[in-house]
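Just so you know, the sequences run in chain order A and B. In terms of the UniProt record's numbering, the first sequence opens at residue 1 and continues consecutively. In terms of the UniProt record's numbering, the second sequence opens at residue 1 and continues consecutively.
FYI, nobody ran anything at the bench for these hints, they're computed from the structure. Don't take every hint at face value.
[To be verified] Only part of the chain A face toward chain B is listed, based on derived beta-carbon distances under 10 Å:
hint, residue
1, Thr107
2, Tyr150
3, Phe154
[What the hints assert, rightly or not] Chain A residues, not near chain B, derived (Cβ > 10 Å throughout):
hint, residue
4, Ser100
5, His103
6, His119
7, Glu243
[To be verified] In silico DSBU-like cross-links for lysine-lysine, where the CA-CA straight-line distance does not exceed 35 Å:
hint, chain 1, residue 1, chain 2, residue 2
8, A, Lys58, B, Lys145
9, A, Lys89, B, Lys245
10, B, Lys248, A, Lys129
11, B, Lys245, A, Lys124
12, A, Lys63, B, Lys252
13, A, Lys272, A, Lys124
14, A, Lys89, B, Lys252
15, B, Lys145, B, Lys61
16, A, Lys63, A, Lys300
17, A, Lys124, A, Lys90
18, B, Lys145, A, Lys63
19, B, Lys77, A, Lys58
Idealized CB from N, CA, C, for every residue including glycine.
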Amino acid sequence: MTFLQLNDLKIHFPTDDGLVRSVDGLSFQLERGKTLGIVGESGSGKSVTSLGILGLHKGGRAKISGEIWLDGEELVSASPEHVRSLRGKKMAMIFQDPLSAMHPYYTVGDQIIEAYRIHNNVSKKVAKKHAIDMLGRVGIPQPDRRVDSYPHEFSGGMRQRAMIAMALSCDPELLIADEPTTALDVTVQAQILDLMRDLQRDFNAALIIITHDLGVVAELSDDILVMYGGKCIEYGSADDIFERPEHPYTWGLLGSMPRLDREVTERLLPIKGSPPSLINVPSGCAFHPRCAFEPRTGGKGSTLVPDLVETEGGHLVRCHLSREERRDIWATEIKPKLES
Amino acid sequence: MVTYIIRRLIGALAMLFVVSAVTFSIFFVVPRLAGVTPDDMANRYVGRAATAANVQATAQKLGLYDPVVVQYGRWVKGVFVGSEYDYGAGVEHCPAPCLGYSFVTKQPVWPDLVDRLPVTLSLAAGASVIWLVIGVSVGVLSALKRRSIFDRGAMIIALAGVSLPPFFTGLVALSLLSYGLGITAPGGAYVPLSENPAQWAYSLILPWLTLAFLNAAAYARLTRAGMLDTMGEDYIRTARAKGLKESKVIGKHGLRAALTPIVTIFGLDVGILVGGAILTENAFSLQGLGKYATTAIAANDLPKIMGFTMLAAFFIVVANLIVDLLYAVVDPRVRLS
Ligand SMILES: Nc1ncnc2c1ncn2[C@@H]1O[C@H](COP(=O)(O)OP(=O)(O)O)[C@@H](O)[C@H]1O
Ligand code: SF4
Ligand SMILES: [Mg+2]
């Protein structure tokens, strides 16, 4: 049985301005010990997806449909109380900005102790010892002293380590990291990513890393899911996405990765325009207003929603261009530019 | 933390000094701007039949011709060691702490203020507890049940509460509950707490409610806004992601942060209130500090007005100090900065 499986997950928010289709028919699978990277520009529905898996939209105004299977249990139809009991224990989450994600009035230790004691019936003393252990494991020096510090007394990188310690305190089987390095300095980013890779090996958890930056998931991910306008537009192994990408949007993402051999601000093939509104999603292929290859699909791009189709060995693409056209464009028009 | 406390204490002392100096100068300068001369003031002390020479001699003796700095120094000295008011025809003794001596009632100001304090303190204590409890609970419920009928109803009442002056709500409550239905005591029926606690509460319930209504309304609005803010914070999402029960998410993580500004404002409001709830005390004829002040103003009794103002300022400075210290206890970030 697959450990985590999403089937046609939809999360829509009715608002005064109209229905926001933040997640619109998302499906994927993930096994224990594997890492999935979810990539897309901001506003593509990544965070809503992760909060949805944790059941944090339950009881709100969100309309949720589809299925989320976690270790044999379906979570969309499960009671909020049951999903709550899984949160923090079976599945845990790391957030983007560790400063705002930690409570300013409680010490780092207290917040880890709280997380541990929700799911483990132990004394404060035992929990504190565990918190110190966890802080040590994520590489915080002098954890027995730092355990009594407040979040604002930590540096950004240390805070994110503490956040990771908190998320891992109950030994979760699924860990979701939503933009875990976006708020950090470049040098610290690499350290945090290394740490996550090591810890995942130790804990043998299923890991989802969410980011708007393909570079972040390049080394960590087994599989990568590219999201656009609430939908998956390309899915494949890391090799598929980096060596044989077939979707014009993925090409754009690859082209806008900052490159170490150039000025950090210089991006090769920036994607023109801005991400789509999720209230008035463009007709047909949601990417068509920004797509340079739209004319080559004979008008289908703006009228017909393309299906997510397998191109080869688990590599899925949502585009009207034929497989041959895509491979041809990649080989002759895109790849040479990226390598120049 | 210790340096923080010491810094605040020194700050509060400096503040008291500044406030008293400014208050003193105002009471010194304003009458003169209105055309009152030292002779006019001395006139009050010597009686109607005095000659001009008499008056001037008295003014001289009382030091009314001295520059403001000298007079302020004398006043401060009086606070610590007491004063003698020698006006020629006799010497009035004003023991420390001497906040002034009223020649209208021929009494030092301080004992009067001490006399009035229990009434005002009782009023402030009861009212503040009521408004804090009601205001915060209504605010929290409103925020959690946002846009519900409860929320809308509560906010309309709260709007009325903050817009209506207490003498109006006080009179309405008085005529309705006391004279109309006879449930509560009429105005002016204060019974000291030490005499009979039940009667004490009964005699004050109406002023409490009147005063509490005004502030509960403001606190409900504040709490609601604060709660809506904090419940949208990232750390609330984190608390939920840990699997914390919603009641604890609200109480331990949401309310704790939302209450911090409320505590601050509460401290200041109580400080101001202890200085005399002028409108409410007048509406209910309670002989507290506020009523004392209005009477003094009506009689143009300057030493009393100033003594009252100084005491009120003192309470506000002390309240400020307590709030600052509380703030550091509640929010660890404050201790460092
Ligand atoms: N609670 C909500 N109510 C209405 N719209 C929401 C809500 N949460 C997210 N959205 C919308 O869903 C879209 C996707 O958001 P999000 O998942 O946060 O994007 P990202 O990929 O940057 O993480 C955004 O347009 C956002 O405005
Ligand atoms: S379907 Fe058409 S518009 Fe959409 S990505 Fe493919 S080529 Fe571009
Ligand atoms: Mg996001």
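Here's how the hints hold up against the structure:
| no. | hint | verdict |
| --- | --- | --- |
| 1 | Thr107 | holds, 8 Å |
| 2 | Tyr150 | holds, 5 Å |
| 3 | Phe154 | violated, 13 Å |
| 4 | Ser100 | violated, 4 Å |
| 5 | His103 | violated, 4 Å |
| 6 | His119 | violated, 6 Å |
| 7 | Glu243 | holds, 35 Å |
| 8 | A:Lys58 - B:Lys145 | holds, 16 Å |
| 9 | A:Lys89 - B:Lys245 | holds, 13 Å |
| 10 | B:Lys248 - A:Lys129 | holds, 23 Å |
| 11 | B:Lys245 - A:Lys124 | holds, 18 Å |
| 12 | A:Lys63 - B:Lys252 | holds, 29 Å |
| 13 | A:Lys272 - A:Lys124 | violated, 54 Å |
| 14 | A:Lys89 - B:Lys252 | holds, 20 Å |
| 15 | B:Lys145 - B:Lys61 | violated, 69 Å |
| 16 | A:Lys63 - A:Lys300 | holds, 30 Å |
| 17 | A:Lys124 - A:Lys90 | holds, 22 Å |
| 18 | B:Lys145 - A:Lys63 | holds, 19 Å |
| 19 | B:Lys77 - A:Lys58 | violated, 68 Å |
Consistency note: the structure conflicts with the earlier hints numbered 3, 4, 5, 6, 13, 15 and 19.
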